Amino acid sequence: MNAPTLVPDFVNRKSFIELDARARAQSLFDEGTWRELVGPFDRIESPWLARQGIAPQSDDGCIVIKGKIGGAPAVAIAFEGAFQGGSVGEVSGAKMTAALDLAAKDSEAGKPTAAVLLLETGGVRLQEANLGLAAVAEIISSALALRQHAPVITIVAGTVGCFGGMSLVAGVSSYTIMTREARLGLNGPEVIEQESGIDEFDASDRALIWAIHGGEQRVGMGLADSLVEDDADKIAAAVRDCVHKGVPEKHRTEHVELYRARIAALDTSSQIDPATLRQQWASHKGGVR
Amino acid sequence: MENIEFNYPEAKRLITKRAHVGVVGSGDMEVLLEPNSEGASVFITTSVNGFGDAWKAVFDRFFSKFDGAVRIYINDAGATPGSVLLRLEQAVEVIGQ
Numbered sequence: 008m009n010a011p012t013l014v015p016d017f018v019n020r021k022s023f024i025e026l027d028a029r030a031r032a033q034s035l036f037d038e039g040t041w042r043e044l045v046g047p048f049d050r051i052e053s054p055w056l057a058r059q060g061i062a063p064q065s066d067d068g069c070i071v072i073k074g075k076i077g078g079a080p081a082v083a084i085a086f087e088g089a090f091q092g093g094s095v096g097e098v099s100g101a102k103m104t105a106a107l108d109l110a111a112k113d114s115e116a117g118k119p120t121a122a123v124l125l126l127e128t129g130g131v132r133l134q135e136a137n138l139g140l141a142a143v144a145e146i147i148s149s150a151l152a153l154r155q156h157a158p159v160i161t162i163v164a165g166t167v168g169c170f171g172g173m174s175l176v177a178g179v180s181s182y183t184i185m186t187r188e189a190r191l192g193l194n195g196p197e198v199i200e201q202e203s204g205i206d207e208f209d210a211s212d213r214a215l216i217w218a219i220h221g222g223e224q225r226v227g228m229g230l231a232d233s234l235v236e237d238d239a240d241k242i243a244a245a246v247r248d249c250v251h252k253g254v255p256e257k258h259r260t261e262h263v264e265l266y267r268a269r270i271a272a273l274d275t276s277s278q279i280d281p282a283t284l285r286q287q288w289a290s291h292k293g294g295v296r
Numbered sequence: 002m003e004n005i006e007f008n009y010p011e012a013k014r015l016i017t018k019r020a021h022v023g024v025v026g027s028g029d030m031e032v033l034l035e036p037n038s039e040g041a042s043v044f045i046t047t048s049v050n051g052f053g054d055a056w057k058a059v060f061d062r063f064f065s066k067f068d069g070a071v072r073i074y075i076n077d078a079g080a081t082p083g084s085v086l087l088r089l090e091q092a093v094e095v096i097g098q
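For the record, the sequence lines run as chains A and B.
Just so we're aligned, residue 8 is where the first sequence starts under this note's numbering, counting upward by one.
Just so we're aligned, residue 2 is where the second sequence starts under this note's numbering, counting upward by one.
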């Protein structure tokens, strides 16, 4: 019978990207160990969206799950990319900050609790602009506090990607896991095109976008740590690996001199292409873990 | 945005579980279904105005088959009547009653 050979591997693969934020977060934990905190039935919704004629969501697009990963205590905080582009508002930001603070408190009390951030987000929610900006600042300071005691692991799986203020959160995390489909960058393609013109960046050029923001490039440049296939089991294994590794000796954002030197060494007299940049940056020692 | 409410006092069967399905994404909606002491009530928050009759038709149809005493909360971002019925059926499947 030839039938089995005709079925490609991806047919039987359990896609991570196809899961919603809640299912993604649940899939990372050891079976039967997790529970959701401040779930949809607690109805902590954004008080600002309805006033602007937008239907809110009962969990404000932020799912917090506590449990065990590879036997160690952990908390996962997932943003639902389908709700308002996974944007950070007052409520979703407060949920993430509180979860990180509780993990830090547990860690300081001798029970290291890793945090896994599943970021599918365009950044601050424009309808809650100032509150969202404040939330990003709080999240970053909480992540910095936690990462001294336990790893903060970011997953950007796609298809929304991780942009704006939340890309800074990915930047300060201990480890960043990406898929080939994922994108990570401070300014999203549309924003760059809008601000600098289509000559600078063509937001409809998908090949260009992925060559710059894509997972393969980000990992290749050492701005993310591991490139994992879109497979729930493989991503869960990669997270367990990071939890097991614990706090890295030196975080990426502590390599200040390395990155300053890299930027100073860039030759901007001609257009730098993504492949060259990857080659240059990957060859430096210490940048890529 | 519009808030719509329906009541189906004849739905009296005791329900013990609750369900949460869906997401408030474009063309989709979120359903929270939980036990009610007596009769069924539906509370809809939708970002699309002027479709009260369509919502009424969908729920009349849903409660012609389902008789559980429940409170249903919906946050809607423009789901079509077909998607609404599918989400409701999915919620019923989750409570398994």
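Hints listed in this document are in silico derivations from the structure and should not be mistaken for laboratory results.
For clarity, every value in this text was computed on a predicted model and none was experimentally measured.
It cannot be assumed that every hint is accurate.
Unchecked claim - Here are some, though not all, of the chain B residues that point toward chain A, as calculated from beta-carbon distances under 7 Å:
1) MET2
2) HIS21
3) VAL22
4) ASP77
5) THR81
6) PRO82
To be verified - In silico DSSO-like pairs for lysine-lysine, Cα to Cα no more than 30 Å straight-line:
7) A:LYS257 to A:LYS21
8) A:LYS73 to B:LYS18
9) B:LYS13 to A:LYS21
10) A:LYS241 to A:LYS252
What the hints assert, rightly or not - Among chain B residues calculated to face chain A with C-beta under 7 Å, some are:
11) VAL24
12) GLY26
13) LEU33
14) THR46
15) SER48
The C-beta atom is built at its ideal place from N, Cα and C for all residues, glycine as well.
For each hint, the structure was consulted:
{"no.": "1", "hint": "MET2", "verdict": "4 Å, holds"}
{"no.": "2", "hint": "HIS21", "verdict": "5 Å, holds"}
{"no.": "3", "hint": "VAL22", "verdict": "10 Å, violated"}
{"no.": "4", "hint": "ASP77", "verdict": "6 Å, holds"}
{"no.": "5", "hint": "THR81", "verdict": "15 Å, violated"}
{"no.": "6", "hint": "PRO82", "verdict": "17 Å, violated"}
{"no.": "7", "hint": "A:LYS257 to A:LYS21", "verdict": "34 Å, violated"}
{"no.": "8", "hint": "A:LYS73 to B:LYS18", "verdict": "22 Å, holds"}
{"no.": "9", "hint": "B:LYS13 to A:LYS21", "verdict": "40 Å, violated"}
{"no.": "10", "hint": "A:LYS241 to A:LYS252", "verdict": "16 Å, holds"}
{"no.": "11", "hint": "VAL24", "verdict": "5 Å, holds"}
{"no.": "12", "hint": "GLY26", "verdict": "3 Å, holds"}
{"no.": "13", "hint": "LEU33", "verdict": "6 Å, holds"}
{"no.": "14", "hint": "THR46", "verdict": "5 Å, holds"}
{"no.": "15", "hint": "SER48", "verdict": "4 Å, holds"}
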